[in-house]
Amino acid sequence: MTEAVAPPGAPTQAGPPVRRGRATAGAGRLAALLVSPTLLVLTVVVLYPTLMALKESLYGAKGLDPATGFISDTEPFVGLGNYAEIFGEAGARFWNAFWNTTFFTVVTVGLETVIGVAMALIMHRAFRGRALVRAGILVPWAVPTAISGLLWRWIFNSDGVANALLGQQILWTTEGFHAKVAVIVAEVWKTAPFIGLLVLAGLQVIPREVYEAARMDGARPVRQFWHITLPLVKPALLVAVLFRCMDALRMFDLPYILVGAQKHSVETLSMLAQNEASNVRFGPASAYAVILFLYVFLIALAFVRLLGTDLAGGAPGARRRGKEVAA
Amino acid sequence: MTRTVEWRRWLSYAGIAAVVAYCLAPFYWMLVSSLRRTSDIFDTSLVPSPLSFENYRAVFDPVQGFGRALLNSLFVAGITTVLALVLATFTAYAMARLEFRGKRLILTLIIATSMFPVVSIVVPLLKLFTDIGWINTYQSMIVPSMSFALPLAVWNLTTFFRQMPDELEHAAMVDGCTRGQAFRKVIVPLAAPGIFTTAIITFIAAWNEFLIALSMTNKPGMQTATVAISKFTGATTYETPFGSQMAAGVLVTVPLVVMVLLFQRRIVAGLTAGAAK
Chain P
18 MTEAVAPPGA PTQAGPPVRR GRATAGAGRL AALLVSPTLL VLTVVVLYPT LMALKESLYG
78 AKGLDPATGF ISDTEPFVGL GNYAEIFGEA GARFWNAFWN TTFFTVVTVG LETVIGVAMA
138 LIMHRAFRGR ALVRAGILVP WAVPTAISGL LWRWIFNSDG VANALLGQQI LWTTEGFHAK
198 VAVIVAEVWK TAPFIGLLVL AGLQVIPREV YEAARMDGAR PVRQFWHITL PLVKPALLVA
258 VLFRCMDALR MFDLPYILVG AQKHSVETLS MLAQNEASNV RFGPASAYAV ILFLYVFLIA
318 LAFVRLLGTD LAGGAPGARR RGKEVAA
Chain L
-2 MTRTVEWRRW LSYAGIAAVV AYCLAPFYWM LVSSLRRTSD IFDTSLVPSP LSFENYRAVF
58 DPVQGFGRAL LNSLFVAGIT TVLALVLATF TAYAMARLEF RGKRLILTLI IATSMFPVVS
118 IVVPLLKLFT DIGWINTYQS MIVPSMSFAL PLAVWNLTTF FRQMPDELEH AAMVDGCTRG
178 QAFRKVIVPL AAPGIFTTAI ITFIAAWNEF LIALSMTNKP GMQTATVAIS KFTGATTYET
238 PFGSQMAAGV LVTVPLVVMV LLFQRRIVAG LTAGAAK
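Chains as they are written, first to last, in our numbering: chain P, 18 to 344; chain L, -2 to 274.
Hints should not be assumed to be uniformly reliable.
[To be verified] FRET-style restraints, in silico, Cβ to Cβ:
#	chain 1	residue 1	chain 2	residue 2	range
1	P	Ala181	L	Leu165	37 to 47 Å
2	L	Ser42	P	Arg147	48 to 58 Å
3	P	Pro93	L	Lys216	24 to 34 Å
[What the hints assert, rightly or not] Below, simulated DSSO-like cross-link-like pairs (lysine-lysine); rule was C-alpha separation at most 30 Å, straight line:
#	chain 1	residue 1	chain 2	residue 2
4	P	Lys72	L	Lys124
5	L	Lys100	P	Lys280
6	L	Lys182	L	Lys100
7	L	Lys228	L	Lys216
8	L	Lys228	P	Lys197
9	P	Lys280	P	Lys72
10	L	Lys182	P	Lys79
11	L	Lys124	L	Lys216
12	P	Lys280	P	Lys197
13	P	Lys79	L	Lys124
14	L	Lys216	P	Lys280
15	L	Lys228	L	Lys124
16	P	Lys251	L	Lys182
17	P	Lys280	L	Lys124
18	P	Lys79	P	Lys251
Just so you know, these hints were derived from the structure itself, not from any lab. All of these numbers come straight from a predicted model, not from anything done at the bench. Note that CB positions come from ideal geometry on N, CA and C, so glycine has one too.
Pulled out of the complex, with its shape left as it was, chain P reads as follows (with noise of 0.2 Å):
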């Protein structure tokens, strides 16, 4: 891969300039120590902590050692108890956390996917006034999620507007099917615009000659967008999809502020395992840390699959495209 073409550095004056993205003697070098500092970072802050969770999670919890009946100071090796645990009596919890986690990733992706579909082609059909809805839409991107939270206990507080608008006294924030709705509509709120923006992007790069070429072979609109707007803007959907879906899947601030921590109705994998080890439990609480993360790594290996090659990369017509949805 990394033939020498020309020594590093030296000046070539003459022949042809090095061949564009070529390698050079060296190259190999200089980019092993452009590289290394950030995977030096990478491995302190993310290869280090999930091993020690997995080493972790086969800890118990400090307390009674039941042979001698003494208080231990050390944690336990209890193996995979931890993990045998989610089927035993602590499950319960651990098994709603999960289904939560599936549900709230599964609707609010997919609402989100069909509302910021719909954002982009209304956007997309829109000439005047375009910098104005790219700044609206980027406002719920740029609230913070816990404020969001916040935001929307506000809104559907038993007084609040929410009851006003709907002529209700429904008691949102409380256990209960209602919570999760409240949260799915605020997580809703703030990623749809987003999916709408990348799937914005993927629209503007079609050629319009395509659309001309339907019209004139009498397709209709609605067969125009499910038989060339679809397919073509898919990789960009699919990519925005996977995303949020990884993003959904550890959703830990909304429910957290808006309905509350330890809420059955709303508990998520990440909270349970956050509250675990504020709980001083870590032995549990990096069990179900790890079986989070191997959940999330499973859904991105199928979603690669689906996707059929590497999100990372550099396809050649796939640079420019930011700067035409900028245009």
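Given the structure of chain P, go ahead and fit chain L onto it with the hints provided.
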């Protein structure tokens, strides 16, 4: 024919209005509520009357310690952004410009970390930081924040560097610069807009962080703004101080909204460059 065109144009304007209203209405409600008096906080009129800054005064009551929380947020997010940018600039340059073995794998790994559930690193780090006495320190918030800030910055900068023509640095090298000099004197200045955009996006992500800051602090004086607001207490135990929460929410969000308004074109470019593939 012209009538349908006219009709369609109005329909698309109505659609745009609906999209903007959907995005802005809740934010507007936060703004309006923050400007009401405590006594008419449950009012549902669209404009607050009388206008009152009572909630803003309450936020800056020294009891809440909100000023300190804002400074904490600024410091943690600022340092995180600077560190991430410095490291990411080098890495992104290598990713965009150099050919070397394992490049794709490395880039994939870096991006994969950005999808990592934060709680999986918070739990073990919480234990570690408890053991070494780092709880309630800035580094206990900055270090874990690098886990999402750094991949985000690398990803953004890589796409920016790729957009710049290769000829620039070749020309510099022909003129006698080494690769390092070409990078420092030609690429970095030209990439400044990209670096700036990446800085904004990274800063917003770090500023919005909640889980790490919540877990790593228990002293009010060390909490960041997002955590502090969520813990505001009212005059009585059973009352949620919605007015001051909304006012504080506005204060935390407005800097970001201003950035978004000023640099929306660049931010959109930065956000979509990588994803819209």
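Going through the hints against the structure:
A C-beta distance of roughly 59 Å is found between P/Ala181 and L/Leu165, which places it outside the suggested range of 37 to 47 Å. Under the hint 48 to 58 Å, the C-beta atoms of L/Ser42 and P/Arg147, about 32 Å apart, miss the expected range. Between P/Pro93 and L/Lys216 the beta carbons are some 31 Å apart, a value that agrees with the proposed interval 24 to 34 Å. Our distance criterion of 30 Å between C-alpha atoms is met by P/Lys72 and L/Lys124, whose separation comes to about 12 Å.
A threshold of 30 Å between alpha carbons decides the hint, and for L/Lys100 with P/Lys280 the separation of about 44 Å lies outside it, so the pair is violated. Taking the CA atoms of L/Lys182 and L/Lys100, the gap is near 25 Å; set against the 30 Å cutoff, the hint holds. Between L/Lys228 and L/Lys216 the alpha-carbon distance is near 12 Å, which keeps this suggested pair within the 30 Å criterion. The suggested pairing of L/Lys228 with P/Lys197 holds, with an alpha-carbon distance near 22 Å, which does not exceed 30 Å.
For a cut-off of 30 Å, the pair hint linking P/Lys280 to P/Lys72 stands: about 29 Å separates their Cα positions. Restraint check: the Cα-Cα separation between L/Lys182 and P/Lys79 comes to about 57 Å, which exceeds 30 Å; the hinted pair is violated. As the CA atoms of L/Lys124 and L/Lys216 are separated by approximately 17 Å, the hinted pair is consistent with the 30 Å bound. Proposed proximity of P/Lys280 and P/Lys197 is supported: the alpha carbons are some 11 Å apart, at most 30 Å.
Restraint check: the Cα-Cα separation between P/Lys79 and L/Lys124 comes to about 13 Å, which is no more than 30 Å; the hinted pair holds. Simply put, L/Lys216 and P/Lys280 have alpha-carbon atoms about 24 Å apart, close enough for the 30 Å limit, and the pair holds. Taking the CA atoms of L/Lys228 and L/Lys124, the gap is about 23 Å. The hint holds against a cut of 30 Å. For a cut-off of 30 Å, the pair hint linking P/Lys251 to L/Lys182 is broken: about 40 Å separates their Cα positions.
Distance restraint check for P/Lys280 and L/Lys124: the Cα-Cα separation of roughly 24 Å lies within the 30 Å cut-off, and the hinted pair is therefore satisfied. Taking the CA atoms of P/Lys79 and P/Lys251, the gap is about 51 Å. The hint is violated against a cut of 30 Å.
Of the numbered hints stated above, those contradicted by the structure are hints 1, 2, 5, 10, 16, 18, listed in ascending order.
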